[in-house]
Amino acid sequence: MHKILQKIRPVMVITRREVRDQLRDWRIIIPVLFLTIFFPYLMNFTAQQMLDFVSQYGASVIGERLVPFLLMIVGFFPISVSLVIALETFVGEKERGSIEPLLNTPLEDWQLYLGKLLSSVVPPLVASYLGMTVYLAGLAIKNVPLPEFPMLAQIFALTTVQAVVMVSGAVVVSSQATSVRATNLLASFIVIPVAFLIQGESVVMFWGNYDSLWWVVAGLVILTFLLMRVGLAHFQREELLGREIDVLNIKWMWRTFWQAFVGGAQNVWSWFRQVMSEGVKELRFSIAAMTVIGAVGIWLGTSLVKPFYFSLGDAPLENLQGRLDLLTELFPIFGIGPVLMIWWQNVRVMILAMILGVFSIGVLGTLPLFASMGVAGYLGGLLTAQGLPLSTYLLFLLPHGVIEIPAVIIGSAAVLQMGLVQATPNADKTVGEVWLMSLAKWLRVMLGVVIPLLLIAAAVEAWVTPLVLKSLV
Amino acid sequence: MIFAEDLTKQFDDFTAVDGINLNVPQGNVLVLLGPNGAGKTTTVRMLTSILRPSRGTAQVAGYDVVKQASQVRSVVGVLTEQHGLYGRMDADEYLDFFGQLYGLEKDQSRKRSHDLLERFGLAVDRKKRLSTYSKGMRQKLSLARALLHQPPVLLLDEPTSAMDPESSRMVRDAISGLRSADRTIILCTHNLAEAEELADQVAIIRKGKVIRWGLLASLKQELLGPTEFEAQLSTHVDGWMGQLPEGVQLTSREQNRLRFRIFNPQTTNPILLRKLLEDQLNVVSFQEVPHNLENAYIEAVRLAMQAEKED
Chain V
0 MHKILQKIRP VMVITRREVR DQLRDWRIII PVLFLTIFFP YLMNFTAQQM
50 LDFVSQYGAS VIGERLVPFL LMIVGFFPIS VSLVIALETF VGEKERGSIE
100 PLLNTPLEDW QLYLGKLLSS VVPPLVASYL GMTVYLAGLA IKNVPLPEFP
150 MLAQIFALTT VQAVVMVSGA VVVSSQATSV RATNLLASFI VIPVAFLIQG
200 ESVVMFWGNY DSLWWVVAGL VILTFLLMRV GLAHFQREEL LGREIDVLNI
250 KWMWRTFWQA FVGGAQNVWS WFRQVMSEGV KELRFSIAAM TVIGAVGIWL
300 GTSLVKPFYF SLGDAPLENL QGRLDLLTEL FPIFGIGPVL MIWWQNVRVM
350 ILAMILGVFS IGVLGTLPLF ASMGVAGYLG GLLTAQGLPL STYLLFLLPH
400 GVIEIPAVII GSAAVLQMGL VQATPNADKT VGEVWLMSLA KWLRVMLGVV
450 IPLLLIAAAV EAWVTPLVLK SLV
Chain W
0 MIFAEDLTKQ FDDFTAVDGI NLNVPQGNVL VLLGPNGAGK TTTVRMLTSI
50 LRPSRGTAQV AGYDVVKQAS QVRSVVGVLT EQHGLYGRMD ADEYLDFFGQ
100 LYGLEKDQSR KRSHDLLERF GLAVDRKKRL STYSKGMRQK LSLARALLHQ
150 PPVLLLDEPT SAMDPESSRM VRDAISGLRS ADRTIILCTH NLAEAEELAD
200 QVAIIRKGKV IRWGLLASLK QELLGPTEFE AQLSTHVDGW MGQLPEGVQL
250 TSREQNRLRF RIFNPQTTNP ILLRKLLEDQ LNVVSFQEVP HNLENAYIEA
300 VRLAMQAEKE D
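For the record, the sequence lines run as chains V and W. Counting in numbering that gives the first Met the number 0, the first sequence runs from 0 upward without gaps. Counting in numbering that gives the first Met the number 0, the second sequence runs from 0 upward without gaps.
Watch out, some of these pointers could steer you wrong.
[What the hints assert, rightly or not] The list that follows gives simulated cross-link-like pairs (lysine-lysine, DSSO-like), each with its CA atoms no further than 30 Å apart: (1) K2/V to K110/W; (2) K66/W to K208/W; (3) K110/W to K6/V; (4) K250/V to K110/W; (5) K428/V to K110/W; (6) K134/W to K428/V; (7) K2/V to K206/W; (8) K6/V to K66/W.
Just so you know, these hints were derived from the structure itself, not from any lab. On a predicted model such as this, the values are computed, not experimentally measured, just so you know.
Work the whole structure out from these sequences, hints included.
Dropping the structure here:
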């Protein structure tokens, strides 16, 4: 315990200094004071006016839902200051020349990083809590019914994780950028997703689906840990002092990407062999994880049949042979159109997984596979519950599924791997460098394995699956 | 105390430091002399474990700069060109902050801060905001910060660069007072007067390479040849063509001044003086012309450029 405290001590020293510095800066204090004291009064007034207005028309439910929503807004505005502080935390010191003495001390990287992170998040968060307390006190004075305790806890938790997520992201940007100007320009990568998040949360709140917000809290907690991990994994004292200006170095970017993509192969055949062996081998952990996620998806899908059951009548079994005849007419053997249509649909899903993965350090890249498996499980459960034999259902899926499902698992694993690589300690490489390399590796696996497999699967789905079904059903 | 072998730092396609070897014993002051961009700061940053060498090894106070980075930083005091103070703090707060980061106890840190502020003449201004300090005061406070944990090794990177003469004198005096038998100092500068005043050893760096390295006196002798002596006369020397003793060369002659290069002054100087007096030259003074580090530096660079051309 003593050892842990000794390790934590420098973190607190850094945090204390930075917080003290912020408290001496009127440019931080005045807006925070305004947002803490006056803004909640404004929101009290707004809440009161809205409640009075909507109650005239008997729409009191809108007023009731507005009260917690405004509480969230009161809490959010002060934490937006944390973004500004965090964005300049490393790079600002670099520009002022005060970072080098700090880097020369025996501090470990994580101590410096954590100290900076805490110092950016604590004062705005305290201001945020104060603001929310003032708002709630105002409501109480005006006899407006306060939200229930679980909801209050939820909104305080949401505010806290939002602040920590923003700061974690901003500190990553600040430790990797070369100037305050660069961080300001990069801030949109944090502001835009958070703005979407707030809008989503607002919809959920007005919908009254408060339990869903706990999932948001859980997701943000995971994202916070991942962002901290990424920030620490690529924190480099050297980079903080080394680079002076940001230049869009297309040549370097292309070289980095190409080297990772080619992987030293001499020709297309050796590249292909390399992708098949090393490329897929590298993904073994992610493939295992995606297989488990897919299996969980199926299980969850089947388990949702009971709560979301609806009758299809006789439709599933009615004139199955006739329908299969129609299907084979629509998908004639060796007709290329349906194959390309199915193939492009699956490729699009894989691209969507990649885009989701990029914005969530790989996590959301697992969703398309999880959702598809969930739907497959649910459909299977629903159809078999209404008389379709499981073997028939499997015949619909398996001829092409034995190729398509592994392809999608490998493609999703490549997205998950992008996030894992970002979060793996590698002080020799910057976040940008690792990102480019992992994108190249994703493309390697896509071009070398997933896309060809999906094409084969699409051909089987269009040409073989209906025939197999026709002959066996 | 400080040892480096084949120390190299590569930034993409640019080699900032190229195979530097250093060996600075305890108690010595090594001056790294070179123009801006020669690789001095990069060398210092590698020795403080901030930059990771691309090749080679270095040890500071027995610690490896790559494998024992944290230990290296705890035994090194660094003064950088940019003072890097926090403008909203006062001197006490600033030193207290760094004292805590270096793991000093509060009382110990306060006592040392107090002593250092007294020593550098900053005690009166200890409660003033650091943003109000002059450049010289800021650099002296940075020096106090570098000394706070009593490091056996000091790395001073262009401490007087871009300073007015008064401030740089202030800082130079402070550095001069830091010499001690158990403290090893590396000073990077392109200020030759500063180097001459403080150095035991000098390493001249050019384009990331050490082109000359040695004790100050021997380096001068190596580059500029034997010591020169000058005779100041009360009469003109026009037409004097006296026979010079063995081991003496006449290097320049002006109206009432003669300059000689003398290989063995101990034995040759009395003979030469006697000869001048015998030749009816009225000697007013006879003294050594000190070798100038500036000339030695220029000569070293000239030789290096010549070698580069030949390559």
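We went through each hint and held it up to the structure:
no.: 1; hint: K2/V to K110/W; in the structure: holds, 26 Å
no.: 2; hint: K66/W to K208/W; in the structure: holds, 24 Å
no.: 3; hint: K110/W to K6/V; in the structure: holds, 24 Å
no.: 4; hint: K250/V to K110/W; in the structure: violated, 55 Å
no.: 5; hint: K428/V to K110/W; in the structure: violated, 42 Å
no.: 6; hint: K134/W to K428/V; in the structure: violated, 37 Å
no.: 7; hint: K2/V to K206/W; in the structure: violated, 46 Å
no.: 8; hint: K6/V to K66/W; in the structure: holds, 20 Å
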